[in-house]
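Asker: Mind docking chain V on chain H? Use the hints.
Number of protein chains: 2
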Amino acid sequence: MCAAKSCDFSFSVDHVLPNGLGRSGTITTPHGPISTPAFVVVGTKATVKTVTPEQMDQAGAQAVLANAFHLYLQPGPDIVDEAGGLGRFMNWPGPSFTDSGGFQVMSLGVGFKKVLAMDVTGMQNDDVIAEGKQRDAQVDEDGVTFKSPLDGSTHRFTAEVSMGVQHQLGADIMFAFDELTTLMNTRGYQEDSVRRTQRWAQRCVDEHFRLTDARSGHPYQALFGVVQGAQYEDLRREACRGLRQTRAQVPGHEHEGFDGYGIGGAIEKQHLGDIVGWCAEELPDDKPRHLLGISEPDDLFAACAAGADTFDCVNPSRTARNGAIYTARGRYNVTTAANRRAFVALEEGCDCYTCTHYTRAYLHHMFKAHEFLGKTLATIHNERFTIRLVDSIRHAVRGGEFDALRTEFLGSFYGGATPGRA
Amino acid sequence: MCAAKSCDFSFSVDHVLPNGLGRSGTITTPHGPISTPAFVVVGTKATVKTVTPEQMDQAGAQAVLANAFHLYLQPGPDIVDEAGGLGRFMNWPGPSFTDSGGFQVMSLGVGFKKVLAMDVTGMQNDDVIAEGKQRDAQVDEDGVTFKSPLDGSTHRFTAEVSMGVQHQLGADIMFAFDELTTLMNTRGYQEDSVRRTQRWAQRCVDEHFRLTDARSGHPYQALFGVVQGAQYEDLRREACRGLRQTRAQVPGHEHEGFDGYGIGGAIEKQHLGDIVGWCAEELPDDKPRHLLGISEPDDLFAACAAGADTFDCVNPSRTARNGAIYTARGRYNVTTAANRRAFVALEEGCDCYTCTHYTRAYLHHMFKAHEFLGKTLATIHNERFTIRLVDSIRHAVRGGEFDALRTEFLGSFYGGATPGRA
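In order, the protein sequence lines correspond to chains H and V. Per full-length UniProt numbering, residue 1 is the first one in the first sequence, and the count goes up by one each step. Per full-length UniProt numbering, residue 1 is the first one in the second sequence, and the count goes up by one each step.
Bear in mind the hints are in silico, worked out from the structure with no lab data behind them. There could be a bad hint or two in this list.
The list makes no distinction among identical chains, and a pair is therefore deemed to hold if it is satisfied within one copy or across any two copies.
Unchecked claim - Think about it this way: if two alpha-carbon atoms lie no more than 30 Å apart in a straight line, the pair counts; the simulated DSS-like pairs of lysine-lysine are: (1) Lys147 to Lys49; (2) Lys49 to Lys368; (3) Lys269 to Lys287; (4) Lys49 to Lys269.
Bound-form chain H, shown alone:
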């Protein structure tokens, strides 16, 4: 018998690093394969900001990740569903991801101090709101109530709502609804939160398989459990074990659990490798692991070494829109005066559309003149830079040259003379 799930979604590993954690492989989805490690381009509101899907395809993007929270508020998941799902709606024929909405919903509660407001009695440390800010999200056992940042209307996200929204969005890979904590929360609160996230995870799996049956005409959507636990090794390991053992309590799906795992939550840069490594040790080797939100090249190396298979990050495109350009020798800003007459590519030797057709001088002009095309061209380069970096990590894992690449790349990126800054 071939369950819908096993036909449409699978993961295989082809190479493993000598440390036993980092690896390369292939995730198979109903919309095509993803060779891992892979960088997943962020398309928050069903668009990779400022670029077309073809431009992202040409830059080598294998998959896009959109945000359930944003699409829930606008245009509404029913519209995306009616359009034929996220990929059809945004003209992206390849694999797609949606996050659970948890991160965005809970970010509303934090004010500037990035601390959630919650109703747990006596936990003063967990109730810090930045001065002059209002709490716009309240967590309780069942879910989160929040105010829309668009119009102030009140909404509620729960495990079931997140699953319903993500099934309507129709991405190939979804994430379970989780509670986001921060490094400022107390240990006690982290413990409560990890256990609450586990209870939500069970509800997500159940609702997911109910919806999978109810929407049987659709391609199978894989569901990833999300590992929280902040900086605590025991909590991270506990979270992994809980998610790993989760099985659906839905008739006909009693043996089915998560299809993969997301590693989320607040992660300080210096602990990233450790945290991913703890999770990789606990999670099954035959399921993919996605690191939710990552920023700089050294993080990518650390995450790959520790066993993460896919990553998403708004950093390449967000910085691009401000004129910050990634190169193998570091980052520079194309808006600085040094680039006014620089009739050379953004990055020497880069194969992206921008570098092969335009000069730094032209992009400098576009940014100074506040022309949209500057953002488009810079985004294409930065996404291509990041995709190519992760592609080269994948090739290095397969070729047994991961450590050599890491040493060489990071030495150049962080130690090199930054171009265009003179």
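Answerer: Below, chain V alone, put in the same frame as chain H:
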């Protein structure tokens, strides 16, 4: 003997309308041919706003027009020159135009009432400045002094400056520096202005050939004289005759004058055909005529019937950036609620990239979510709509069906039920 000019730039007519004015033909430039009538896409600051050159090429654009004034201020014509000229700088391999800068410079003087400030004594009617506005441009016999809208610095444009700037920009077709008047100027001022523009035209031709000799390594840049004269038939005809007879006073170029003509100035919609027709009757049949700035489909038909060969217009892209979509059945706004669930193309049957890959519902979402890509996709459609319209006019001229196309198209565009407005 083959002068640089005749080798690089030429114009031929292949069909003429029964009225003897409208026609189709080919302008040959150093960067390729332009089949006329042709719509020239506006790329003000060396970018067609929000789109790539390839996207404009795919939309059928034959040529782009940039603004000398904007590029003079930013990034500076020396930078465009050093980049290898406008086309190289902006990655547009085809034919290009630059305007003279006159329109923009003088627009600075007008405040909101679009009336120039000038130093002609006793002409109260020509000195009207909108309340609360400052005059930022002063016209005198030699040229125009103006303040930069970017930083308030003082600059001066003259015939020679405009030619110098445009030679540095390096477009295939340039325009002589002219004085822009408005319909609110007195008859007396219009007479003075037409004669001043003629004196500037002579200086432009002279400077143009001096620069052509001085920059002999560059492809020949054609120079078009600009016909002013507002709504007065006698002044328009006088202006045409003056420009037609202009010959360079530069050794070796004594027989050379303008390569074509621009029809400029304030033109009320209902007089557009008449004014273009007066000019077409006076100007030589073997030189191309460009109508500077045009807006709606009926204007295109009127201009083509009266003998204009090329047109430029910011309207398709400017309206697109606000969500206004052109169709054969009229214009509608994709941001209206009616389009929230419209899972159909922007225009049924349209062959543009946007219509073949996205729905109105998606564009509605992009605009509501303030996503750049909405502007890009709408611009592609509106430019393609306008280019295709002028292409169909050209084919109709060649096939003897101009009147039939005009009746059918305008009946549908202005009389049809506007889609998406319900």
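Asker: If the cut is 30 Å between Cα atoms, do Lys49 and Lys269 qualify within a copy, between copies, both or neither?
Answerer: within (26 Å within a copy, 39 Å between copies)
Asker: Indicate which option fits the pair Lys49, Lys368 if close means a Cα-Cα distance not exceeding 30 Å: within, between, both or neither.
Answerer: both (20 Å within a copy, 14 Å between copies)
Asker: With identical chains treated as interchangeable, where does the CA-CA distance between Lys147 and Lys49 reach 30 Å or less: within a copy, between copies, both, or neither?
Answerer: Within. Shortest intra-copy distance 25 Å satisfies the 30 Å Cα cut-off; inter-copy 36 Å does not.
Asker: How would you label the pair Lys269, Lys287 (within, between, both, or neither) given a Cα cut-off of 30 Å?
Answerer: For Lys269 and Lys287, only the intra-copy Cα distance (25 Å) is at most 30 Å; the inter-copy one is 67 Å.
Checked against the numbered hints listed earlier, the structure breaks none of them; every hint is satisfied.
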